[in-house]
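Asker: These protein sequence lines map, in sequence, to chains A and B.
Residue numbers for the first sequence follow our numbering, so the first one is 1 and each next one is one higher.
Residue numbers for the second sequence follow our numbering, so the first one is 1 and each next one is one higher.
Don't take each hint at face value.
[Stated by the list, open to error] Mimicking DSS-like on lysine-lysine, the simulated pairs with C-alpha atoms at most 27 Å apart in a straight line are:
#	chain 1	residue 1	chain 2	residue 2
1	A	K11	A	K92
2	A	K257	B	K83
3	A	K178	B	K207
4	B	K198	A	K238
5	B	K252	A	K198
6	A	K198	B	K167
7	A	K252	B	K252
8	A	K207	B	K238
9	A	K238	B	K257
10	B	K198	A	K207
11	B	K198	A	K252
12	B	K198	A	K167
13	B	K252	A	K178
14	A	K198	B	K257
15	B	K238	A	K198
16	B	K207	A	K238
17	A	K198	B	K178
18	A	K178	B	K257
19	B	K207	A	K30
[To be verified] Computed beta-carbon distance windows for the label pairs:
#	chain 1	residue 1	chain 2	residue 2	range
20	B	K30	A	P19	42 to 52 Å
21	A	F224	B	E170	32 to 42 Å
22	A	E245	B	T27	42 to 52 Å
If you are wondering where the hints come from, they were derived from the structure by calculation, not from laboratory data.
Note that this is a predicted model, so its numbers are computed, not measured.
No residue lacks a Cβ here, since even glycine has one placed at the ideal position from N, Cα and C.
Spelled out from the first residue to the last, the chains are:
Protein chains: 2
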Amino acid sequence: MSSSSSQNYLKIGIIGFGPFAQFLVKTMIKQGHSIRATSRSDYTDLCTQLGVSFFRDMNQFLESNNDVILLSTSILSLSQVIKSLPLNCLRKPTLFVDVLSVKEYPRDLMLQVLPGDSDVLCTHPMFGPESGRHGWKDLSFMYDKVRITNEATCSSFLQIFASEGCKMMEMSCEEHDKLAARSQFLTHTIGRVLAEMKVEPTPIDTKGFQKLVEVKESTSRDSFDLFSGLFVHNRFAKQQLREVELAFETIKQELLKRMNEELEQS
Amino acid sequence: MSSSSSQNYLKIGIIGFGPFAQFLVKTMIKQGHSIRATSRSDYTDLCTQLGVSFFRDMNQFLESNNDVILLSTSILSLSQVIKSLPLNCLRKPTLFVDVLSVKEYPRDLMLQVLPGDSDVLCTHPMFGPESGRHGWKDLSFMYDKVRITNEATCSSFLQIFASEGCKMMEMSCEEHDKLAARSQFLTHTIGRVLAEMKVEPTPIDTKGFQKLVEVKESTSRDSFDLFSGLFVHNRFAKQQLREVELAFETIKQELLKRMNEELEQS
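Next up, chain A with everything else stripped away, as it sits in the complex (with noise of 0.2 Å):
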């Protein structure tokens, strides 16, 4: 098999097993690539159910002549991991593909720390498991060719996400980060929120209110470390931060304002 036309099976190494990796693969398999793994932690026994090959080996797992190697560590580890790979075992130049929830701390990692042979594809699919679960389709897949030569390979990978029905948006990380941090942070942040406070159904539930319970649920099933690495390695989730607390003092300005005027007619 070669990797020369966008029809083409890809051999696809991953970097860090965990449940996003595991939730990526199947798709692959059932697609017909040839799936590849390495993680922290020991797969082999999940690996041979789903038809993978697990390497306990680093060296030997970037021996094996992957066209691409998917980098599906947490945001926190990736440095650690990145610039710990045997990089002189590449027996080619390769596609690399991180899928982190920030955009800019990747690039630049992959960019100072991969062989100037290799493609640097930044991704972030903007779906998981549980939204995922029912199919790809209409979901959105964002990516950013930082470093493409092997414009094949790249579109074959790419073709993964699009032949299941993604929406595919192309966007500079930058621009990526900046409306993340609008949107996927902000809703890990009030998702936090709620569960600090302890919000929990009621009997006389309002619809809006059912809403916010379940992005209470769906945001507590993520790690705090996913919900740091947004914070962490975003530049634009401070600001964001910042814009919260401003608006929620705005609203209890307005209240007491409102409280005091009431008072006083009374």
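Put chain B on the given structure of chain A with help from the hints.
Answerer: Below, chain B without anything else, positioned relative to chain A:
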């Protein structure tokens, strides 16, 4: 027509004929009840279309022999409206019902102002023109039989909602206000904070963020008067506002701590 059994048609007079009252009467008319209305603004034309008798004169309205008088003013105007009623015009003991989104406040006002032989039923339909546009089935209807001597009329009135399939929730006004501060008021607060931030859909929305945008849009369609009414006249709302603030501060400090830890490691 008499109102001695729960199958009977009622003569229902409505004070305050805004969008919420207009929404409720459509179902009441469909069920065969006879509706009269009065309001600060002139709704003669709309009422003619709907088959409702509109009274510009409050004396004539109260003299018109209503079985039920439904108070459908805003929270902020209830006190002024109820205190200016020419109650000597009432021809018979009448069931007074309110539908405000806070409950202890109208209960106290009604008990204080209305004649001792008038019955008092406090209710809160937990839905409106938007969430109830496809019918009322499974939507919650909270009520508290505060002072009921004429059980038949009260039961006929409750039947309006029960027969449409509402989830009938009997609870005290105090319990309602505790729960509503933590659900409806909290939802409005978060919706208003998002509106203050001018949050808009992005090309890379997650499902969770889309729910927040819906909450922002539906709470922004309600007036700031409603929102401040939920705050000013529900004694449990102040505590909720403090809890939001505290929870936000806790989350923020946790994020800043994580950021410092990351900076120290790198």
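Asker: Of the hints given before, which are not true for this structure?
Answerer: none
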